[in-house]
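Novice: Residue-level listing of the chains:
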Amino acid sequence: MNQRPVLDISDLPTFGHGPRSPTWWGTLGFMALEGTGFALAAGAYLYLATLWPNWRLSAPVPNHWPGTIVTLLLVVSLVPNHILNGYAKRCAMGPVRIGMVVMSLLGLAPLVVRWFEFPALNIYWDTNAYGSMIWVLLGLHTTHLITDVGDTIVLTVLMFTHHGYSGRRFGDVGDNVFYWDFVVLTWIPIYLLIYWLPRLG
Amino acid sequence: MSSADLTNERDLPPGRETSATGDIAPERDGPRDTGMDDASLHRWLARTWRTPPGIIGALSSVDHKVIARRYLITAFLFLCLGGLNAVAMRVQLSGPQRGLIGPDLYNQLFTMHGVTMMFLFAVPIVQATGIYLVPLMVGTRNIAFPRLNAFGYWVYVSGGLFAWVSFALSMGPDVGWFAYVPLSGPEFGPGKRADVWAQMITYTEVSSLAVAVATIVTVLKQRAPGMSLDKIPLYVWALLVTSFVVVFAMPAVMITSTFLILDRLVGTHIFNPAEGGDALLFQHLFWFFGHPEVYIIFLPATGMVSSIIPAFARRPAFGHLGLVLSLIAVGFLSFGLWVHHMFATGLPKLGASFFTASSMLIAIPNGVQIFCWLATLWEGRPVIRTPLLFVFGFFFTFVIGGLTGVMLASVPLDLQVHDTYFVVAHFHYVLIGGSVFPLLGAAYFWFPKITGRMMSERLGRWHFWLAMIGFNAAFFPMHIVGLWGMPRRVYTYPAELGWGNINLFISAGAVLFFVSFVLFAFNLVHGALRGTPAGDNPWDAGTLEWATSSPPPSYNFARIPVVTNVEPLWAEREALPVAAGLRVDARELIVSTVAEAHPDVREKSATPSIWPLLAAIAVGATFLYSIFTPWAIIWGAAPIAVTLVGWFWPKGDPEDEE
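Line by line, the protein sequences are chains A and B. One gets this note's numbering by counting positions in the first sequence from 1 and adding 50 to each. One gets this note's numbering by counting positions in the second sequence from 1 and adding 49 to each.
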């Protein structure tokens, strides 16, 4: 088919931050599907909780302290996370490297405390359905956490190599910030469901 | 819209500086396509976008057309296998008390038939069609996240192999395609058969979700300049809505199958009522996916119909906006119907009434679509060719399936015919009528684009009539035998019930239907080898996939089209307006804004890589191992992490670095 050029796009930039980048939209897509998974798991938990009048099924209440510490760590981590985002937008290598190291450490810290969360549930997954559901919820979020921390560490290493000096990499840092927000956000309802809902019953 | 609007500075998003600031290595600018002659442009682009030669090269391909072709062929092979399951069952049921197949094998056969048709054929083939066509129709050079797309294919293949090798080893799932607990649970489902079901689901859903995300981003961010939301082709709208439905529905079945395998493998009690769980929870979770699943299969088919009808009616679709809104409405409503699969479980009456109402409600947007298509045909000058014949077959069959659907939406009737052949007849009318017939029409319609050759029209007509007669002969009498009380999923029946003759008739129809597919397969092969050359646009259709050669080159378009109309090729018959300024030595494509499709970024698309295959092998092996021990997840994590790092680590190409 014959062609007639009507548009010159040679001046367009080669990368864009946030919603200008396809990767940001892909990340959003994965958040949507993972969020749906979380919502359904939480829904299943609530479904069982409303079905059985004596929910918690005579199990002891969980010790909320490890979970509360994780919550505090995650909420606090949002501050450096967003400072990092500002530097990523400006493509400032020095502060971004520092920020990525800080975020890797702030990802590992809740994982360490998470180790103590499982015994603090005061029940095993195979004791009854209540135990199963809170292990499943905690397990789901832990998988989430491990995946994102792994991703953050790899990206941190990458930013210390010559590959880091690229608009795309700074865009990746921005998307990593975005995803961490999601990891923190999904934890709040799960925290309430695991540690505070059983105290209502 | 004129091209001037597209370059108007006012309309561009803020912050569009061309010179990047900050700690970024300067772009190593390469040759651009501006003013380049056609021969040099082709040489450059062909070298930049080619799939490397050799076996490793072929396994590394990230070209959406190559991946889609593999998907289509694989899904067609699974269709054949699932069809053979069905023929085996029909031979067994052709007379009372036949001893050909025993109950154990029969259970595996109907489960494998359902699982194969739903998870290994229907969803993959509609997604594969989208992988091939969506990037072409929106005027871009590759799908978004091409490596993720390749990964999706490999995971799908390994899931299909896993299920069928298990079946060959007599450990195929035997608990029905929806695998209800407690039958599939630890107490009543010994051995590994139910685990095979659960993990096969996980494989195929990972693959569907990956493709859905890639499709959504392609449609939202990679549309050709000027293709604002109101100029997106209906087929692309259908795939977009479908992909959103996948994103919100598929996690439900992954959660279901994961909960099931946890109950079976590590002793959780999620579905165990004796320890505070609940068996009905399984059904809720499964059908929260299972009902949208029907629309995941059906909506792309409506998109195909909306492409075929304008091409043969010789006019744009009547009620474009109405058709788009219907697609979106069906997408939303599909999430509000799942409980109508559970009317026989003794739910509260009010709940059942709500789901009856919503089940009837969804007939409204579907009806709107049907009337828009009829109006398009009425107002046009229809040219009756094989693709349009299959669309007529779709109307006839799908409307019957829709009517029995409205019948089944009422609780008393549903209770009466629950788990009988009436239901089997209904869902085959809906699925084959609603999806397979449009797919067959689409095969004839787009085959010339994919292969560059035409399929035989004469064989096509034979195929259509054989399929139509065979299908109706096989499935219409099932309504009757269902009303007589014949339950589904029985491996035989006694002679005294008098169901022998009608079942023999059904089996004869099924064989005829199968023969029609043999003819189709012959027509495919014959067309690919000996068909008459098709040219770029054999049907004189109006959407962008027909603007390029058949088959399209690896880079799809020598220059990215600029879209001015919903049927761009009809609006611009003299010469296609195009954009210039992309680099030709790196895989550049245009990223545009979501609503208006203003060109925004020159982004680079990923190069071929073997890592998606290696990652899929690591993931597949982990899933396989996990039916034996939960430690598989721990052992599998390391190879998965290594392959993912290999996948994402930059290799020094301009595509990685800039």
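The hints are simulated quantities; they were obtained by calculation from the structure and are not laboratory data. Treat the hints with caution; some may be incorrect.
[Said to hold, decoys possible] List of simulated lysine to aspartate or glutamate pairs, EDC-like, C-alpha gap at most 16 angstroms:
hint, chain 1, residue 1, chain 2, residue 2
1, B, LYS653, B, ASP634
2, B, LYS653, A, ASP201
3, B, LYS653, B, GLU706
4, B, LYS653, B, ASP72
5, A, LYS139, B, ASP78
6, B, LYS653, B, ASP589
Novice: State for each hint whether it applies.
Specialist: Hints versus structure:
1. Taken as a hint, the B/LYS653 and B/ASP634 pair is honoured in the structure, with Cα atoms around 11 angstroms apart against an allowance of 16 angstroms.
2. For the given pair, B/LYS653 sits about 22 angstroms from A/ASP201 by alpha-carbon distance, which is inconsistent with the 16 angstroms threshold.
3. For the suggested pair B/LYS653 and B/GLU706, the alpha carbons sit about 9 angstroms apart, so the restraint of at most 16 angstroms is met.
4. Between the alpha carbons of B/LYS653 and B/ASP72 the distance comes to roughly 20 angstroms, so the proposed pair goes past 16 angstroms and is violated.
5. With a C-alpha separation of about 23 angstroms, the suggested pairing of A/LYS139 with B/ASP78 is violated against the 16 angstroms cut-off.
6. A C-alpha spacing of about 32 angstroms is found between B/LYS653 and B/ASP589, which places the hinted pair above 16 angstroms, so the restraint is violated.
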